[in-house]
Amino acid sequence: MLEQGTLPHYLLPVFQGCLLASAYTIPLEPVNVTKLLGSEAQFKATVEGLWPMMFWQVGEITVLSISSSGEVINSFPQHSARLCGNGSSCVEFTIQNLTRQDSGPVTCTVQGDYGFKTSQLIVQGNNISNEEQVEFQCEVVGWFPAATISWTLNGYAVNSSLVNTTDVPDGDKYNSTSVIKFQAVRNTTVTCVATIPALTGPISSSVQLAVSKIVLCLCSCFTYLSALQPASLESTHAGNGFNAAYVNLEVGFPKKHRHVTIV
Numbered sequence: 001m002l003e004q005g006t007l008p009h010y011l012l013p014v015f016q017g018c019l020l021a022s023a024y025t026i027p028l029e030p031v032n033v034t035k036l037l038g039s040e041a042q043f044k045a046t047v048e049g050l051w052p053m054m055f056w057q058v059g060e061i062t063v064l065s066i067s068s069s070g071e072v073i074n075s076f077p078q079h080s081a082r083l084c085g086n087g088s089s090c091v092e093f094t095i096q097n098l099t100r101q102d103s104g105p106v107t108c109t110v111q112g113d114y115g116f117k118t119s120q121l122i123v124q125g126n127n128i129s130n131e132e133q134v135e136f137q138c139e140v141v142g143w144f145p146a147a148t149i150s151w152t153l154n155g156y157a158v159n160s161s162l163v164n165t166t167d168v169p170d171g172d173k174y175n176s177t178s179v180i181k182f183q184a185v186r187n188t189t190v191t192c193v194a195t196i197p198a199l200t201g202p203i204s205s206s207v208q209l210a211v212s213k214i215v216l217c218l219c220s221c222f223t224y225l226s227a228l229q230p231a232s233l234e235s236t237h238a239g240n241g242f243n244a245a246y247v248n249l250e251v252g253f254p255k256k257h258r259h260v261t262i263v
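Per the UniProt record's numbering, the very first residue in the sequence shown carries number 1; after that it's consecutive.
No wet-lab data here; the hints were simulated from the structure.
C-beta atoms are modelled at their ideal positions from N, C-alpha and C, and glycine is treated no differently.
There is no bait here: all hints are sound.
Calculated cross-link-like contacts (lysine-lysine; reagent style DSS-like; alpha-carbon spacing at most 27 Å): (1) Lys173 with Lys117; (2) Lys117 with Lys44; (3) Lys173 with Lys44.
FRET-style restraints, in silico, Cβ to Cβ: (4) Pro197 with Leu162: 23 to 31 Å; (5) Pro27 with Thr189: 30 to 38 Å; (6) Asn154 with Val72: 40 to 48 Å.
When you get a sec, could you build the whole thing from the sequences and use the hints?
Written out as structure tokens, the structure reads:
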């Protein structure tokens, strides 16, 4: 058994050295995720080429390492990792029974010339009082041109004064973020709708806001790729079957101001 935050001595020099290397990139998904206390969070890293070891950190603590053959060095039952798909290019890392102490950076580091990538994890409680303000955030990533985003509450269009939307250029595409804030006074279906002229119809994602002693919500993601691909839609996502290349549903929600990051 390893002490928390430690690795075998023969791994430490290599691990410390590879933090400085950045010849290759490590796609890590999701970039940001919000989860409820007691639930689990999953992260997926993709590595091209040959690699000997991968290390996962939660905060500043190294909790797990996995080899390209799938062998896991892990002394903490809360954390696990496995190879996903065929071959060794994809690794899925899971944190179970989330606590507030898990909030913060989750870092994947690959031995060699790969360097590291970091995601942000937010772990939130689920208590809320009636008439408290809630906040939903919808991110539409990698669209061109910038998406037009609108919201509905129980099927009714939302007053623009409740919404704040920003578009940020990212190369030849745009990442758009839209935030809606309102008082939670009744059970509400909250829907984010995104569209661009090239789509034959809008793509939407809905979450259920249940107002009682507990609020449970879903956060989700829109990603549009210039290459037209079949839709991969889950749960309460709706689209026209066109250009919805990636949709990821996460469970989230907490605090007085609900902040769900959709990535």
